[in-house]
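With our numbering as the guide, the letters of the sequence shown map in order to residues 736 to 805.
Treat the hints with care, since some could be wrong.
[Stated by the list, open to error] Label pairs and their calculated CB-CB ranges: (1) Ala797 <-> Arg744: 15 to 25 Å; (2) Trp764 <-> Thr788: 17 to 27 Å; (3) Val773 <-> Tyr793: 32 to 42 Å; (4) Thr788 <-> Trp765: 18 to 28 Å; (5) Gln776 <-> Arg744: 37 to 47 Å; (6) Pro759 <-> Arg781: 18 to 28 Å; (7) Gln795 <-> Glu771: 17 to 27 Å.
I should point out that these hints are in silico values taken from the structure, not numbers from a laboratory. We put the CB at the ideal spot given by N, CA and C, even for glycine.
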Amino acid sequence: MRRAARARRCPASSASSPPGHSHPLGNLWWIQTRVEEVGPQEMERRLTDPVFTRAMEYVQSADFFPGRVR
736 MRRAARARRC PASSASSPPG HSHPLGNLWW IQTRVEEVGP QEMERRLTDP
786 VFTRAMEYVQ SADFFPGRVR
């Protein structure tokens with residue numbers, strides 16, 4: 736968590752609740768850490784689990800280029 740705390744002190748705004756932070760010059764920084772080791776069967780199971788698919792949709796919906804007209 737020290738890296739996340741240090742990143743929050745930098746002149747940036749949050750693109751999402753952790754893990755994403757945006758940079759004033761447009762760089763996108765993702766702070767991440769491995770939480771658990773997951774085998775292939777568990778990965779496959781999670782692809783259809785609503786909890787995990789909602790989490791993935793949230794991350795994929797991040798505005799990577801704030802201010803850009805889509």
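To see whether the hints hold, each was checked on the structure:
no. : hint                          : result
1   : Ala797 <-> Arg744: 15 to 25 Å : holds (22 Å)
2   : Trp764 <-> Thr788: 17 to 27 Å : holds (25 Å)
3   : Val773 <-> Tyr793: 32 to 42 Å : violated (19 Å)
4   : Thr788 <-> Trp765: 18 to 28 Å : holds (19 Å)
5   : Gln776 <-> Arg744: 37 to 47 Å : holds (41 Å)
6   : Pro759 <-> Arg781: 18 to 28 Å : violated (35 Å)
7   : Gln795 <-> Glu771: 17 to 27 Å : holds (21 Å)
Against the hints set out earlier in the document, violations occur for numbers 3 and 6.
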